[in-house]
Amino acid sequence: MKLPKILIGAIVAGIAIQTLPPCGMG
Amino acid sequence: MPRLLSTVACNLDPHLLGACLPLFESGEADAIEWSFDALYRLDALPDWFHGLIDAFSEGDRLVGHGIFFSLFAGKWHPEQEAWLRELSVICKKYRFDHITEHFGFMTGQDFHHGAPLNVPYTDAALRIGQDRLLRIADACGRPVGLENLAFSWSVDEVRRHGDFLDRLLAPINGFIILDLHNLYCQVANFDIPFETLAALYPLHRVREVHISGGSWEPSEDRSRSIRRDTHDDSVPDEVFRYLEAIIPRCPHLRYLVMEQLGAGLETEDSKTAFRADFRRMADIATQWNVMQGDEILHPFTPPFNPPQSAPAEDLALHQQQQELSSILENANSFEAASRALHASSLAQSHWQVERWSPFMLETAMRIAQKWKKKD
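Protein chains in written order, with the numbering used here: chain A, 1 to 26; chain B, 1 to 375.
In case anyone wonders, no lab produced these hints; they're calculated from the structure. Take these hints with a grain of salt, some might be off.
No farther apart than 27 Å at their CA atoms in a straight line, the calculated lysine-lysine pairs in the BS3-like style are these [unchecked claim]: (1) B/K75 <-> B/K370; (2) B/K75 <-> A/K2; (3) B/K75 <-> B/K372; (4) B/K370 <-> B/K271; (5) A/K2 <-> B/K271; (6) B/K271 <-> A/K5; (7) A/K5 <-> B/K93; (8) A/K2 <-> B/K92.
To be clear about the criterion: a stretch of chain B counts as covered by chain A if any three or more of its residues have a C-beta under 8 Å from a C-beta of chain A, and this derived list gives those stretches [to be verified]: (9) 16-27; (10) 245-257.
C-beta atoms are modelled at their ideal positions from N, C-alpha and C, and glycine is treated no differently.
Using the sequences and the hints given, assemble the complete structure.
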């Protein structure tokens with residue numbers, strides 16, 4: 001499923017901000 | 001058979017999302033599986049993440065995978081009531097094609113911490129599990145499924161897991177997530193051939209398959225390695241072979257899901273390896289889709305059957321779970337845990353602790369202590 005470019009841009013920006021400086025057996 | 005959808009397990013994790021981004025841009029990810037209960041509060045999610053979930057929801061390509069409900073907790077907890085309320089709210093906001101949870105009970109004294117462990121396959125456990133599944137189906141109004149558990153105390157439990165899942169899911173017309181890496185762990189840890197294990201599962205109930213990687217951990221006495229489902233490495237070749245073998249035997253399979261934790265995706269190399277694994281999975285799906293039509297058949301709709309009574313409880317089971325959790329979380333050696341177990345109320349009971357594999361008791365201690373809430 002292809003996402004709209006504007007949403008991809010928002011995700012890229014969101015990830016950039018996010019990275020600012022258990023099914024058992026796990 | 002339905003068309004197979006190549007799916008990524010997706011959470012609010014920058015490393016995981018960074019690895020998935022090219023798959024979203026290219027349209028290679030047909031669907032996403034979201035662990036909706038990893039956060040209690042919807043308002044703690046950023047708008048752009050809501051946008052991502054919304055896009056797949058509107059495309060009818062969103063499935064939900066819970067982690068923390070603790071299906072077999074012997075006592076009904078207020079946190080489970082809250083979990084169901086949250087589920088109901090989230091299912092009104094987004095359209096999930098189905099909702100799934102894990103098998104087992106959570107070791108933690110605190111509801112939002114701990115790891116799932118197995119329970120004895122008794123009538124009491126069955127009654128509690130069926131009661132909880134009914135409540136999940138009522139809260140979400142969607143088909144409900146359960147994932148096979150990687151952890152088992154004994155080889156006997158491994159052999160009976162599929163049949164118990166079948167009986168558990170029957171009243172809600174539920175389905176199974178067959179986690180192939182969980183089976184890979186059991187093949188390695190209990191020396192059972194994959195074909196033997198697969199034949200013990202009700203494959204007509206499989207609607208979703210998970211693939212992932214894991215790690216090997218030496219036993220304390222260094223005599224062998226234990227395979228663990230740590231979701232922090234690439235998918236073993238053997239698991240891809242399992243996938244190719246199992247697809248033709250699951251007539252209602254719809255979702256193939258690639259799982260990996262963000263902690264294992266911090267480098268560019270690991271992100272590239274993740275996408276290579278996804279594409280290998282997607283190629284297998286494509287080969288199958290070329291040969292098949294797209295019968296949009298959804299045989300797992302739960303019957304309308306709202307819960308009529310108070311939640312089922314078994315206080316003796318609850319007490320045993322508390323004792324077991326405490327032993328696993330606090331024992332400072334395998335010998336101490338073993339002694340405490342044999343002096344506990346679990347001894348000479350349905351738990352059959354006398355038949356537990358020593359390697360798995362050791363592993364359970366490591367898992368419980370890893371996920372124990374830090375004060």
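Status of the hints after comparison with the structure:
1. B/K75 <-> B/K370: holds, 24 Å
2. B/K75 <-> A/K2: violated, 45 Å
3. B/K75 <-> B/K372: holds, 20 Å
4. B/K370 <-> B/K271: Holds: B/K370 and B/K271 sit about 25 Å apart, inside 27 Å.
5. A/K2 <-> B/K271: Roughly 20 Å between the alpha carbons, so the hint for A/K2 and B/K271 holds.
6. B/K271 <-> A/K5: Between B/K271 and A/K5 the Cα gap is close to 21 Å, so the pair holds against 27 Å.
7. A/K5 <-> B/K93: This hinted pair holds, its Cα atoms lying about 23 Å apart.
8. A/K2 <-> B/K92: holds, 24 Å
9. 16-27: holds (count 7)
10. 245-257: Not satisfied, violated; 0 residues make the cut.
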